[in-house]
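S.K.: Chains as they are written, first to last, in our numbering: chain X, 38 to 448; chain Z, 194 to 306.
Source of the hints: derived by calculation from the structure; they are not laboratory data.
Mixed in with the good hints, there may be bad ones.
Claimed, not checked - A partial selection of chain Z residues facing chain X, derived with a Cβ cut-off under 8 Å:
| id | residue |
| --- | --- |
| 1 | PRO210 |
| 2 | GLN214 |
| 3 | MET217 |
| 4 | TRP220 |
| 5 | GLY221 |
| 6 | ALA222 |
| 7 | GLN236 |
| 8 | GLY237 |
| 9 | GLN238 |
| 10 | PRO239 |
| 11 | ASP264 |
| 12 | GLY268 |
Since the model is a prediction, treat every value here as computed from it, not as a measurement.
Ideal placement from N, C-alpha and C gives every residue a C-beta, glycine not left out.
Here are the chains, one letter per residue:
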Amino acid sequence: MTAVLTRIFGVHNLALVEDVVQDAFLRALEVWKFRGIPENPSAWLMAAAKNRAVDLLRRERTARTYAPELGRLLESEWTLVPTVQELFSPHSIKDDELRMMFSCCHARLAEEAQIVLILHILCGFSVDEIAGAFVSSHAAIEKRLTRAKKVLAGSKRLFEIANSDDFAARLPTVQRALYLLFNEGYHGASAESSVRAELCQEAIRLTTILMTHPLGATPATHALAALMHLHAARLPGRLDASGNLSSLFEQDRSKWDAKLAEEGQRLLNLSATGTELSEYHIEAGIAAVHDSAKSAQDTNWAAIVSMYDMLMKIRPSPVVALNRAVAVGELEGPKRGLEELHAIADAERLADYPFYPAALGEMELRSGQREVARGHFRAALALARNPMEREFFERRLEACQVGKAGKARAR
Amino acid sequence: MSEFVFLYRGGERGRSPEQAQQMMQKWGAWLKGLGEKGHIRDQGQPLERAGKLVKGKQKTVTDGPFAEAKDVVGGYTLVEARDIDQAVELSKGCPIFEVDGAVEVRPVMKLGV
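Here chain Z stands alone, though its shape is the one from the complex (with noise of 0.2 Å):
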């Protein structure tokens, strides 16, 4: 088994506190699901849009590509599968695709021992 990375990128924020709901309740099944079958290594949380950004030697600070970039990561969670096409697979249950998001699946890097 090997370890991956979802990235929730983009895809709106419920527009109103029913389709939020809604949502809530099919994430909620979907990650429910993946846990029962052992696939859940960390459920993740969810990020503020809005954070800083550090860059450069300088180390200059700024509020980052954040608040306008539609592909900003709103949130991660590590899963375990056995290889890249099963990570895929789990992914597209994901809801974020009903609101206009993209699931970035990475593995984590691993030394061969």
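This is chain X alone, in the form it adopts within the complex (with noise of 0.2 Å):
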């Protein structure tokens, strides 16, 4: 909703905007309160929005000046309900979606800030829940986003789609930012699973959106949207029955989403022309053979080292060398996954993510080292980000003492 009255108010409106949302919204809700909820709260909500847009404009006709490029047509009373009844119209609010996508994609934009300003302004995230998600305080998350809407009102126009050379430089840095809402959706350290899944839910949707613009469907936005699904149709096995965290090697693999897979193939299949091999291919990639497998022995891990080892080449990071680490550990044994472990560049910017001394652990454990592996276990016990994790972490020292190794393995 706010992606479309922006384009009719202009982005330097977007505090118009906002209030234009939120006063539709509140006097939904005072209607609801008597009369219930209908049955298709949203077309409600934006046929409101719609009314209460036409009114402001009628009345500040004058005082203000709106979008530009549809300036004219909403001065004149002929052409204003006609061109706002257009831009309502669902087409055109999916092309409205993406030019707000590509703006809140600002170059002046710190990474993080692009994807609270997404979760914002497109997705609808109040400030408490992006706050939740990011396992951040409310002041926190509002000062950041005071700041990028001032960055983004102050670029006076929207991202303009319809220009391929500007869409196309722009488009990698609105991957990077779809990638990221997904993996913290996916592995970021908020507790609450529902919060969670919609992190995942409104990336791949939004990645959807980004497939049906000619200029979005790059084999790169194809691999990025496969590697969502491939993710994502594991994400049901995460949670054992009690709700307790359970690692790649312990999920109940029956609980796998089959259809979310196989159109993650079908997309990763998509992706698979011209000559461009992109990070998210890779990562697609090894998402496939995990999907594949019938079980953890079962996995093809001299091909998940391999897709690493290339991934390493084009993305070289901590958590990248990490994960290979330990299907180095797969393919070889501990001693391997060790050896590998110790020998990660750049190792102290994983100093606080648990999973690093948990993956020492496992492999040690293995190795049949169980006091060192406890000291590992007990520093990522002291690292975990919430209780899910805390909980998982003293699973895994309770397996040293009674020497279940092997079993359950962390990742």
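Assembling the complex is the task here: the two chains are given apart, and the hints tell you how they should meet.
M.R.: The structure is reproduced here in structure tokens:
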């Protein structure tokens, strides 16, 4: 809704737009209080916002300047209502969301600010919900949002998606932001699984919109969408029956979503054109190997290690190196895994990441070094970011005592 | 059974969307409860907080005192109750009291036939 209204009122009137949205929402709630929630609340809200927009445009027609490219159409009573009608039609809304997506990925904004902005404006998350998702405070997120909105409003015009050069230039940033948005949902620190599932769903929704645009449907976008679907397919297995975090090695694979995995595979095939091999291609490839394996033992670890090798070449990072080391451990045994773990460059950047000591612990445990493993798991426990992770590491600590080595491994 | 009108006066409208959403749910639950016990004649409607006041022999039209008045009527419901005491009891469940509002309970006048 914000995306459409911003197209009407102009990006420099973002605050006004947010008022209109909020107003439409509050008025709707006031009526629903008495009459109950209608069958299609979002259509109802859209209609309320549309009326409010027309009202405001009539009243303030002379007082402000709105979207420069629409200015004249909005000035005349003859064209005002039809123009607004047209802008609220479904295909137009999609374009507006796309415009907004690209506008949010402003070069002057840090990646995290872009994501916060997308979540707020395009996904309708409240400040508190975003703070919950990022395990951050209300004040910190609000500050980041205010700053980001100022940059956005300062850009005067929404990003023009018809210009193919600009589009292509900003596309990687948009893809990256969507990737991080998905990751925040998939691997993020928030304990609320519902919040995380919602982040993943929104990332998939926005990526799908990107895919429907001729300029946006590049191999990398398809690979990105494939990666999201292939990962999301495994989401239902991440929690066991009692709601505890379950590692890839102990998950009940029958709970994985076969339809999502199939769609992911289809998208991955679609992405296999052209010469570009993006990190999304490789990550989707890795996810596809996991999805098609019947068990952890059954997994083609050699393929996974070689794909991590490629990933290290185009986008090296300590987290990628960590995952690669775990895969090496699976392929060539815990001793080799440990060597790789200790050889990670920039390991100090993993200092706050609980799954680094946890991986060390697993490898030590499987080499029979129970005491050393305990130390690592204790370190992981101290770094745990939510009760679910804490519970998970406590179970690993217990495993060191009873010596159930090798049954369940972290990651 | 007699009819009563609940006039909802004052009460802050939600400060944030989250609060407003909670309020809506509470109102919905309350009205639903009354309805299930057969007390609702008409759920009623919310009213805009601004309007016009037409007054006097001259029929002068003003914007009315609505905007400033803290006890402006924000909505109404037509209920059915045994007597005024029961109607008052029913009104006590209204979520408006959480936000500094009031419920005016007024019997609908009837001719004793």
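S.K.: Would you mind marking each hint as holding or not holding in the structure?
M.R.: Evaluation of the provided hints:
no. : hint   : verdict
1   : PRO210 : 6 Å, holds
2   : GLN214 : 6 Å, holds
3   : MET217 : 4 Å, holds
4   : TRP220 : 4 Å, holds
5   : GLY221 : 6 Å, holds
6   : ALA222 : 11 Å, violated
7   : GLN236 : 5 Å, holds
8   : GLY237 : 6 Å, holds
9   : GLN238 : 6 Å, holds
10  : PRO239 : 5 Å, holds
11  : ASP264 : 17 Å, violated
12  : GLY268 : 6 Å, holds
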